[in-house]
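Generate coordinates for the entire structure from the input sequences, incorporating the hints supplied.
The lines below spell out each chain.
There are 2 protein chains.
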Amino acid sequence: MTEVGVGLIGLGNVGTGALQILTENARSLREKLGFRLAVKTVCSRNIHAKKSLVCPDGITRTDNWRDVVNNPEVDIVVELIGGTATARNIIEESLKQRKSVVTANKELMALCGPELWSLANANGVNIAMEASVAGGIPIHTVLREGIAGDSVAELYGILNGTSNFILTEIEKSNAAFDSVLAEAQQLGYAEADPSADVDGLDARSKLAILAALAFGEKLTPSDIFTEGIRRITPVDFQYAHQLKHTVRLLCLARRTADGIVLSVRPSLIPQDTILAHVTGAYNAIWIRGQYGEDTFYYGRGAGSKPTGVAVVSDLMRVAREIRFGSPERVSPFAHERLGEWKPLPISTQELPYFLRFRVEDKAGIIATLATILAKHRIGLDAVLQLPREDWRNLPFVITTEPAKEQAIREALVEIRTADFLVEAPLAMPMERGFGGGR
Amino acid sequence: MTEVGVGLIGLGNVGTGALQILTENARSLREKLGFRLAVKTVCSRNIHAKKSLVCPDGITRTDNWRDVVNNPEVDIVVELIGGTATARNIIEESLKQRKSVVTANKELMALCGPELWSLANANGVNIAMEASVAGGIPIHTVLREGIAGDSVAELYGILNGTSNFILTEIEKSNAAFDSVLAEAQQLGYAEADPSADVDGLDARSKLAILAALAFGEKLTPSDIFTEGIRRITPVDFQYAHQLKHTVRLLCLARRTADGIVLSVRPSLIPQDTILAHVTGAYNAIWIRGQYGEDTFYYGRGAGSKPTGVAVVSDLMRVAREIRFGSPERVSPFAHERLGEWKPLPISTQELPYFLRFRVEDKAGIIATLATILAKHRIGLDAVLQLPREDWRNLPFVITTEPAKEQAIREALVEIRTADFLVEAPLAMPMERGFGGGR
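Chains as they are written, first to last, in our numbering: chain A, 2 to 439; chain B, 2 to 439.
Incorrect hints may appear among the rest.
Chain copies aren't distinguished; within one or between two, either way the pair holds.
[What the hints assert, rightly or not] No farther apart than 27 angstroms at their CA atoms in a straight line, the calculated lysine-lysine pairs in the DSS-like style are these:
id, residue 1, residue 2
1, Lys245, Lys405
2, Lys219, Lys33
3, Lys173, Lys245
4, Lys97, Lys33
5, Lys51, Lys363
The set of hints was computed from the structure by calculation and includes no laboratory data.
The following block contains the structure:
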């Protein structure tokens with residue numbers, strides 16, 4: 002076999018990036034591999050509209066994915082259409098035909114990774130998914146091989162570039178969420194329906210995949226407490242800065258004696274940590290290993306070519322296996338809940354909290370809040386109030402001593418009935434679980 | 002085969018770390034692998050003195066490395082003694098006996114990697130060397146697999162933790178090199194003979210390995226321009242800070258139209274880059290890919306357990322190959338100089354330079370220096386002089402417009418004859434080839 006055949010389904014952003022690299026960089030890839038990675042066919046729903054597509058001679062084009070999966074020259078099927086319906090059909094059909102699969106589909110792999118893996122294994126083929134998480138950062142390779150000898154204790158990530166772009170724009174320009182979102186949409190960083198990004202769902206799928214791999218436990222998106230960034234305002238950054246912190250949509254998976262805490266939520270992180278320096282549409286992952294201590298990985302979170310690199314690097318690995326033969330593989334997923342590291346409810350987490358209130362100013366507000374917090378055994382750390390003019394919508398912040406999330410929630414339920422509140426309080430944990438570069 | 006047998010030669014810092022992980026973490030490793038990674042024998046020159054060594058029953062101890070290599074139960078030999086003489090014998094003998102090798106030996110792999118790889122390949126076995134570069138950072142895995150689909154354009158690294166510790170201590174405490182070195186020696190960060198670290202030789206070996214892997218070109222330490230950190234003083238940091246830069250022992254491999262520039266030298270880097278935030282005994286690598294854009298990797302540069310993780314992760318990968326069969330492998334080394342990316346002399350590099358002089362103050366010094374620089378067609382950017390009392394040893398700095406290193410050198414040769422100099426000028430390039438987190 003002097004080549005391994007590739008069929009590409011989906012010619013959006015990532016598909017065209019991968020195709021470009023496979024074409025332009027073909028010589029270098031062949032030198033690294035010792036054989037050719039040959040694209041045989043490409044598929045897109047609207048293939049006939051893709052006139053500008055750089056697609057070398059000899060590559061057939063189709064709008065029917067079954068043509069790709071059934072093509073006898075195709076050894077590896079690349080699924081890049083996203084979603085969970087057709088994509089699942091494509092992957093299952095490919096595996097049944099004993100073709101390995103490379104996918105960027107975080108949603109599907111987070112939901113049904115273990116089942117699809119079992120199907121792949123039963124058919125003696127592989128599924129690779131580097132491109133499903135953190136675009137240009139080879140974090141799947143790092144966890145699967147690079148630091149496989151370690152036991153991950155904690156993993157923190159900024160895994161959604163759109164949210165990180167929006168948050169750091171709010172931070173930089175003091176603009177409101179809605180106007181920054183509109184800007185991100187215009188720049189192509191955010192979708193017309195931004196929910197998957199700004200409500201944390203995209204990050205949740207990615208965290209589910211990484212945490213499963215890191216802890217060797219069966220974890221699904223529903224195990225992950227998730228909150229989006231829609232309520233973050235410039236004032237939250239102003240108060241965070243006073244505390245020498247910033248705000249990021251933080252994904253975390255933290256092993257404790259009782260299990261794993263998993264969450265995706267806006268959180269305060271200290272300004273002097275490397276994670277706080279991750280701005281714009283970048284992603285980053287901070288890992289603390291039981292033996293290897295801390296490592297940190299940073300790069301483009303998305304984008305045609307960075308994610309294309311992930312697809313092509315996966316193709317190289319899978320093609321080598323096909324070429325050189327590797328009958329057994331180790332699953333990146335746990336197939337049953339081992340129970341050793343079961344997910345814990347977020348309510349058990351104990352951290353200091355940043356509570357931001359908006360009130361109609363009157364006497365006794367702090368006294369009322371302090372009384373309610375004390376009743377729930379939550380110690381106050383600081384009360385911060387920047388000078389403001391509008392007494393009818395006055396934002397201020399209380400930070401607490403480390404407290405159980407459960408207590409914070411119960412206190413906030415009680416606080417919510419107070420007549421001075423302009424809107425529901427905003428609560429963010431103040432993270433300090435990771436070290437910094439200085 | 003329900004297990005793969007391991008023999009460990011060298012029980013220093015890294016060896017005891019690896020043994021501890023293999024022992025303590027055995028259950029987790031077995032779960033990930035699906036089979037057992039069984040240490041069969043350990044070897045140390047002074048094995049009888051290692052009474053405190055935690056070494057489970059069933060592991061034989063020896064002070065003769067041939068016992069390990071000849072042990073029929075050993076499938077993989079781990080070489081952790083360092084140096085190039087006995088280590089080479091151990092590795093060659095192991096490969097000839099068709100045993101794969103895991104090594105942390107940067108010096109040997111930088112010098113004879115391609116030859117040893119050929120020997121391994123001829124015998125159908127593997128050599129893995131993750132632990133040879135950047136301790137806890139799985140950078141070898143990243144380059145070999147994680148971003149294999151990309152073409153690396155530039156690679157910047159802080160690859161010697163000892164030098165980075167010393168430099169950041171000088172920066173923090175304004176102490177002299179010698180006193181900080183003594184402190185580093187007391188803390189165990191620096192050897193009694195610190196030359197390999199502070200003269201850049203250790204970093205040079207690491208860069209040779211990484212650059213060969215990144216560019217697929219045959220590169221050896223002698224291709225790399227190398228300068229150590231002995232001449233760096235607190236005053237250099239003070240001037241660098243005025244320029245919003247800091248000083249690091251920077252390793253770089255940069256592809257240009259004509260070839261690759263390779264160097265290890267103290268360099269100015271902008272303070273607002275992530276690389277500038279790497280302090281203490283940490284290592285980091287910044288990579289710019291043609292497609293994947295920038296990625297960044299950070300972690301412990303050395304240490305018993307972080308480097309032990311690299312050894313154990315390599316063992317897992319090699320053990321999987323042995324267990325599942327993988328007859329052909331792709332070399333991490335180019336075996337001949339392909340010529341496409343031949344190393345270029347550093348003299349061709351064009352960058353702004355930071356020139357620090359120490360002079361006995363008198364009239365006309367700047368005029369003299371400016372005249373000589375102008376003669377060599379070097380444009381001045383700024384002249385910096387912090388207030389000082391001692392006119393007989395006055396440090397000041399000239400920064401230049403981008404200039405060829407060759408021109409800088411020639412100008413400095415001419416300047417060196419000036420009667421006002423207290424010591425030879427210090428020249429550092431001002432790097433700006435990598436982006437920042439902000």
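Hint-by-hint comparison with the structure:
1. Taking identical chains as interchangeable, the C-alpha atoms of Lys245 and Lys405 lie at most 27 angstroms apart only when both belong to the same chain, with a minimum of 23 angstroms there against 43 angstroms between chains.
2. For a Cα distance limit of 27 angstroms, the shortest separation of Lys219 from Lys33 across copies, 13 angstroms, qualifies, whereas the shortest one inside one copy, 35 angstroms, does not.
3. In the homo-oligomer, the alpha carbons of Lys173 and Lys245 lie at most 27 angstroms apart both inside one protomer (15 angstroms) and across protomers (20 angstroms), since each shortest distance falls under that limit.
4. In the homo-oligomer, the alpha carbons of Lys97 and Lys33 lie at most 27 angstroms apart only across protomers (25 angstroms), although the nearest pairing inside one protomer, at 30 angstroms, exceeds that limit.
5. Neither within a single protomer nor between protomers do Lys51 and Lys363 lie at most 27 angstroms apart by alpha-carbon distance, with minima of 63 angstroms and 72 angstroms respectively.
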